[in-house]
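A.B. asks: Sequence:
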Amino acid sequence: MKLGTTAWLIPDAPAGVDTYTWQIDYCVKNGLTVMSAGFRDGDKTDPDLLMRVADYAAKNGIELRLGGGGSFGSANPAERVAAVERMTSSLLHINKYTGIKFSSVANTPMSHNRWAPDPPMDERIDIIGENLAKLADNVRSAGITLGLENHCDYRGYEIAAMLAKANRPNMMAQIDTGNAFTVFEEPVDCAKAMAKYVVSAHLKDIKVTPLLGDPWFGSKAENAPCGQGMVDNYKICQILQAEAPDPKNLTLLLEPLTGPKNKE
Numbered sequence: 622m623k624l625g626t627t628a629w630l631i632p633d634a635p636a637g638v639d640t641y642t643w644q645i646d647y648c649v650k651n652g653l654t655v656m657s658a659g660f661r662d663g664d665k666t667d668p669d670l671l672m673r674v675a676d677y678a679a680k681n682g683i684e685l686r687l688g689g690g691g692s693f694g695s696a697n698p699a700e701r702v703a704a705v706e707r708m709t710s711s712l713l714h715i716n717k718y719t720g721i722k723f724s725s726v727a728n729t730p731m732s733h734n735r736w737a738p739d740p741p742m743d744e745r746i747d748i749i750g751e752n753l754a755k756l757a758d759n760v761r762s763a764g765i766t767l768g769l770e771n772h773c774d775y776r777g778y779e780i781a782a783m784l785a786k787a788n789r790p791n792m793m794a795q796i797d798t799g800n801a802f803t804v805f806e807e808p809v810d811c812a813k814a815m816a817k818y819v820v821s822a823h824l825k826d827i828k829v830t831p832l833l834g835d836p837w838f839g840s841k842a843e844n845a846p847c848g849q850g851m852v853d854n855y856k857i858c859q860i861l862q863a864e865a866p867d868p869k870n871l872t873l874l875l876e877p878l879t880g881p882k883n884k885e
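Under my numbering, the first residue of the sequence shown is numbered 622, with each subsequent residue one higher.
Source of the hints: derived by calculation from the structure; they are not laboratory data.
A virtual CB, placed ideally from N, CA and C, is assigned to each residue, including glycine.
Only true hints are included.
Below, a list of computed lysine-lysine pairs in the DSBU-like style, where the Cα atoms sit at most 35 Å apart:
1) K817 <-> K869
2) K828 <-> K650
3) K623 <-> K786
4) K841 <-> K623
5) K786 <-> K722
6) K755 <-> K665
7) K817 <-> K722
8) K786 <-> K869
9) K665 <-> K623
10) K856 <-> K755
DEER-style ranges, computed between Cβ atoms:
11) P668 <-> G637: 22 to 28 Å
12) G652 <-> D758: 36 to 42 Å
13) T654 <-> P698: 37 to 43 Å
14) G663 <-> E807: 39 to 45 Å
15) P831 <-> G637: 42 to 48 Å
16) E843 <-> W643: 26 to 32 Å
17) L713 <-> D835: 48 to 54 Å
18) A636 <-> D867: 39 to 45 Å
19) D758 <-> G659: 25 to 31 Å
20) K817 <-> G848: 24 to 30 Å
21) F805 <-> G659: 24 to 30 Å
22) H714 <-> P740: 28 to 34 Å
Let the sequences and hints guide you as you build the complete structure.
C.D. replies: Listed below in structure tokens is the structure:
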């Protein structure tokens, strides 16, 4: 397995220091080999910047990865078509200038989750799977592999069903170990459901309070340092080591649930 981080977990660059150079240097300093690059919107379309960042990362032994998403399960067919076209265009453009070969994929918006009434869940799983297949086909010639994430929206077995419907060799999964709690799922159960598709992982630890008292009644999930929450990441990694398609090259990326006050 390879160890890396999401860019937004890295402390902000000092004034006057290039953000991307700083992030790559931080990964090198901390013994990480992979970074999920958080390219700003304007930077995604700048060929010179993309090539510069990719070159600096390669020289320092850092593998860059992408993330994106779209309304692949929208009740509006036109929105689904637009989502596939938009993500295809973005991935191929960035790949052209960076050579990045992996991107996570999320269903958006997050408010359109497993409890949304339309389309009905059985239909939606098929719809999402069909659109993921189109996206995977569109980027396959560029050598891009995609990883559908349980993005605080669906449970592991639902993600697995979408991938089974897509049935594409470059449409795999990126498990997020902590997000399972946000849809009231045991993270280990999520891992068992998704494992055979997983090529990448976001490692989170979450502290869960099942029921809060006054002044607000409800459940609460919050960040915790790895090993101090309620996600059994050790057990999950054992499952992935045993059942993931390529555990040797599986990437573990550290990521918080929300932006931490003290990133260090």
